[in-house]
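Listed here are the chains, written in short residue letters.
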Amino acid sequence: MSNDDLRDLYQEVILDHNRRPRNFGPLATANHRAEGNHPLCGDRVTVLLEVADGRIRDVAFQGAGCAISTASASMMTEAVKGQTEAEARRLFHVFHDLLTTGAGEGLPELDKLAVFTGVREYPMRVKCATLAWHTLIAALDQQQDEPVSTE
Amino acid sequence: MTLAAAAEDLEETREAAASPAYDLDRVRADFPILAQKVHGRPLVYLDNAASTQKPRAVMDAIAACYGEYYANVERGVHTLSQRSTAARERAREAVRRFLNAASTEEVVFVRGTTEAINLVAASWGRRHVGAGDEVLITELEHHSNIVPWQLLCEERGALLRVAPIDDRGEVILPELERLLSPRTRLVAVAHVSNALGTLLPVRAIAERAHAVGAVVLVDGAQAVPHLPVDVQALGVDFYAFSGHKVYGPSGIGTLWGRRELLEAMPPWQGGGGMIRTVSFARTTYAPPPHRFEAGTPAIEAAIGLGAALDYLAALGLPAVAAWEAGLLALATERLAAVPGLRLIGTAKEKAAVLSFTLEGIHPHDVGTVLDREGIAVRAGHHCAQPVMERFGVPATTRASFGLYNTREEVEALAAALHRARELFG
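Same order as they appear, the protein sequences are chains A and B.
Heads up: the first sequence runs through residues 1 to 151, numbered per my numbering.
Heads up: the second sequence runs through residues 1 to 425, numbered per my numbering.
Not one of these hints is a red herring.
Pairwise CB distance ranges, derived in the manner of DEER restraints:
1. B:His39 <-> A:Glu12: 14 to 24 Å
2. B:Val38 <-> A:Asp16: 27 to 37 Å
3. B:Ile172 <-> A:Ala86: 53 to 63 Å
4. B:Val38 <-> A:Glu12: 17 to 27 Å
5. B:Glu408 <-> A:Thr84: 53 to 63 Å
For the chain A half of the interface with chain B, some residues (derived, Cβ under 8 Å), not all of them:
6. Tyr10
7. Leu40
8. Gly42
9. Arg125
Don't read these hints as lab results, they were simulated from the structure.
Glycine included, every Cβ here is placed at the ideal spot set by N, Cα and C.
Can you make the complete structure from the sequences, with help from the hints?
Here is the structure:
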């Protein structure tokens with residue numbers, strides 16, 4: 001039954017974060033910021049970071065997108081809050097590999113992010129799940145505050 | 001026959017559908033790709049506005065070209081070249097009949113609608129649009145009927161003006177009329193909107209445009225699969241369409257232009273096949289349509305397009321329009337019953353295209369849910385970002401129907417949307 005397949009993609013946790021995104025809104029203390037967009041679907045996300053002493057003290061996001069991109073952004077903010085820059089960058093790679101090659105499946109640092117494992121079966125949606133993460137990396141790099149695109 | 005006339009009476013449509021004039025089972029059997037399952041469900045192909053599937057007649061025509069008589073065209077004295085040339089010219093005649101053009105000399109083969117519009121912008125536009133002149137389009141145009149004119153206007157110092165649409169997705173005719181002036185050189189409009197399904201009053205627009213001396217180009221990509229088109233009756237000057245949206249191959253399309261306009265236009269691409277004589281001092285050009293067909297063309301695609309148009313003619317576009325009007329009426333009714341569904345594009349006269357949003361569910365999620373049910377739709381901005389902006393949405397889901405779609409498929413779409421509603425709560 002196809003609805004069961006869909007439940008692998010749209011797990012309850014994902015639907016919940018889509019309905020009630022965490023760390024959503026402005027961040028007055030932000031000192032890093034980047035915008036990402038997915039031109040094909042019109043998804044837009046802005047990631048705001050307060051970084052001090054190489055650590056992400058606070059994080060928020062804004063924007064509008066599909067359930068996968070919204071939930072991914074929301075859960076990303078929960079995952080990286082309090083992490084060092086190096087930890088966040090490593091988590092990005094682990095998450096990215098999980099969605100593209102399946103490597104790292106079951107790694108403990110993925111924690112709740114493991115709910116996105118099902119996205120790998122939907123190649124068109126991988127970009128949705130990684131948009132916020134690419135934007136996070138851009139915010140950490142904070143080169144020219146240029147928009148990030150997953151296209 | 002207009003879409004409105006076709007949609008006038010659903011009962012009548014049902015009768016027409018039940019009559020032997022439109023044998024849906026036979027039509028579906030002509031499209032072998034439809035008989036497959038996707039994710040374990042029967043394929044429900046509702047992405048016809050993006051591209052249509054191909055009947056066996058088109059595949060057979062292309063296979064016969066390759067298997068029996070393929071050679072380059074217009075160049076050889078040998079038998080195969082002559083046969084290929086004749087077959088391609090028969091396809092040109094099929095296009096002429098399809099559009100009721102006065103002559104095959106008015107039928108230019110191009111890669112598609114986009115290339116046709118770019119051809120007019122580059123050839124006619126550069127010659128006739130100057131500093132301070134204006135090009136008028138509408139708010140519902142596809143990017144391919146916006147960007148070529150922006151490029152032209154930028155190059156020539158001309159002004160691009162945009163006639164607005166109302167909340168139903170209809171062009172506001174008095175506003176369009178107000179924007180017309182003696183400075184208007186060209187009016188470029190869609191015949192049917194790809195994002196909204198709106199059927200535009202092209203003949204009325206052409207009359208008003210001609211009154212100020214402007215030339216009228218029509219983007220017919222979304223119209224030709226749905227309704228009979230007669231370019232002479234419409235009274236327009238250029239008409240463009242793509243083969244792949246009318247059950248033919250991709251990579252082929254047509255620019256129809258009035259003979260006197262085409263004859264006065266310079267070439268837009270140079271090369272073989274478009275010349276009369278070449279010397280290093282001076283080249284003279286072939287008359288239309290060959291003047292605009294530089295290089296070896298898409299021979300088999302043109303032949304396939306001819307086969308597609310012959311297929312449509314045999315079915316009869318009025319019968320197709322009547323069938324699709326019934327699908328549109330049913331789909332409009334069923335979708336209205338889905339909680340939180342907002343139809344974008346509710347013009348009085350429209351083709352069987354339903355763009356919509358579902359409250360709280362992004363179009364891409366809708367597209368994914370439907371795909372798992374075997375239903376193919378488009379999710380996105382449909383290359384019409386100004387339309388999305390006009391209606392304040394980043395994207396829509398679009399279900400677009402074709403001549404092989406069934407009433408059961410409409411029900412499958414509606415049922416899947418209800419399930420999406422349940423899944424997302």
